[in-house]
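Novice: Residue numbering for the sequence shown follows this note's numbering, beginning at 1 and increasing consecutively.
Hints listed in this document are in silico derivations from the structure and should not be mistaken for laboratory results. Check before you lean on any hint, since a few could be wrong.
Ranges of calculated distance between the beta carbons of each label pair, as one might list FRET restraints [as the list claims (entries may be wrong)]:
#: 1; residue 1: Asp-31; residue 2: Tyr-166; range: 16 to 22 Å
#: 2; residue 1: Ala-112; residue 2: Pro-4; range: 17 to 23 Å
#: 3; residue 1: Gly-158; residue 2: Glu-96; range: 18 to 24 Å
Listed below are the simulated PhoX-like cross-link pairs for lysine-lysine, each with C-alpha atoms no more than 20 Å apart in a straight line [unchecked claim]:
#: 4; residue 1: Lys-23; residue 2: Lys-77
#: 5; residue 1: Lys-104; residue 2: Lys-62
#: 6; residue 1: Lys-24; residue 2: Lys-77
Ideal Cβ positions, reconstructed from N, Cα and C, are used throughout, including at glycine.
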Amino acid sequence: GLFPDFDFAYIHQNTLFDRTNMKKDAIKTIDNRYSSKRQYSATQQSYVSFFQLAISPARYSKFYTELLENYAKYGLKTMAVTSLGTALNSDFDEDEPYNREDSKKFTMEALAKIDADYENVMIKGGNAYTLAYANHITGIATDSSRFLQASEAIPFIGMVLHGSKYISGSPINMEGDIN
Numbered sequence: 001g002l003f004p005d006f007d008f009a010y011i012h013q014n015t016l017f018d019r020t021n022m023k024k025d026a027i028k029t030i031d032n033r034y035s036s037k038r039q040y041s042a043t044q045q046s047y048v049s050f051f052q053l054a055i056s057p058a059r060y061s062k063f064y065t066e067l068l069e070n071y072a073k074y075g076l077k078t079m080a081v082t083s084l085g086t087a088l089n090s091d092f093d094e095d096e097p098y099n100r101e102d103s104k105k106f107t108m109e110a111l112a113k114i115d116a117d118y119e120n121v122m123i124k125g126g127n128a129y130t131l132a133y134a135n136h137i138t139g140i141a142t143d144s145s146r147f148l149q150a151s152e153a154i155p156f157i158g159m160v161l162h163g164s165k166y167i168s169g170s171p172i173n174m175e176g177d178i179n
C-alpha cells in the first residue's frame with residue numbers, strides 16, 4: 001500500500017502563516033535554546049545538524065488534528081509516522097517542562113489516535129512502547145549488537161515480531177555486511 005509519511009517529531013521548515021508557534025511548539029534545551037535533530041557523523045567525528053527543530057511531544061496531537069482536516073479528503077486508510085517510532089525528546093521549557101517519560105506518554109497518545117483512525121500505521125525503528133500501535137515497522141535491527149561477548153548474530157527482534165507485524169531491516173545497499 002501507499003504510506004504517506006508525516007513527521008510529527010521534527011519541523012523541517014518554518015514559514016510565515018504555517019500555524020507553527022516556535023515558543024509553544026519547539027523543544028527547548030536546559031539553557032533555553034531550541035533543540036534540533038543531530039546525528040553523529042563518523043567521517044566528521046562530530047555531530048551534524050540537519051536544521052530540523054524538535055517539536056514538543058505535548059504538541060503531537062495538535063499537529064495531527066490539523067493534518068486530519070486535509071488528509072481525510074484523500075480517503076487513504078494508511079499513514080506513516082516514522083519519526084514517532086524512534087524520537088523520544090525531553091522539553092526543558094520553563095513554562096511547560098516535560099521529561100522523557102512524559103514524552104513517551106504523549107507519543108503513545110498520538111499513536112493511539114492514529115491507530116484508531118487508520119487501518120495500517122507505519123513507524124521506523126520501533127521503540128518497545130510503539131510496537132502495539134504499528135502494523136508495519138521499518139529499520140528493525142536484523143543483526144545482533146555485536147558486543148564482544150556475543151558469539152553469534154541472532155536477529156532477536158525479528159524472531160519476536162515474525163508473523164505479527166510486517167517488518168523490514170535497513171536497505172541492503174546501506175548495510176556494511178550484505179551477508
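Novice: Against each hint, give a clear statement of whether it holds in the structure.
Specialist: Now for the hints, and whether the structure bears them out:
In this structure the supplied range 16 to 22 Å is violated for Asp-31 paired with Tyr-166, their Cβ-Cβ distance being about 42 Å. Checking the proposed 17 to 23 Å range against Ala-112 and Pro-4 shows it holds: the Cβ atoms sit about 20 Å from each other. Distance hint check for Gly-158 and Glu-96: the Cβ-Cβ separation is about 39 Å, which falls outside the suggested range of 18 to 24 Å. Restraint check for Lys-23 and Lys-77: the C-alpha separation of about 33 Å exceeds 20 Å, so the hint is violated.
Simply put, Lys-104 and Lys-62 have alpha-carbon atoms about 16 Å apart, close enough for the 20 Å limit, and the pair holds. With a C-alpha separation of about 30 Å, the suggested pair Lys-24 and Lys-77 falls outside the 20 Å cut-off, and the hint is violated.
Of the numbered hints given earlier, the model fails hints 1, 3, 4 and 6; all others are met.
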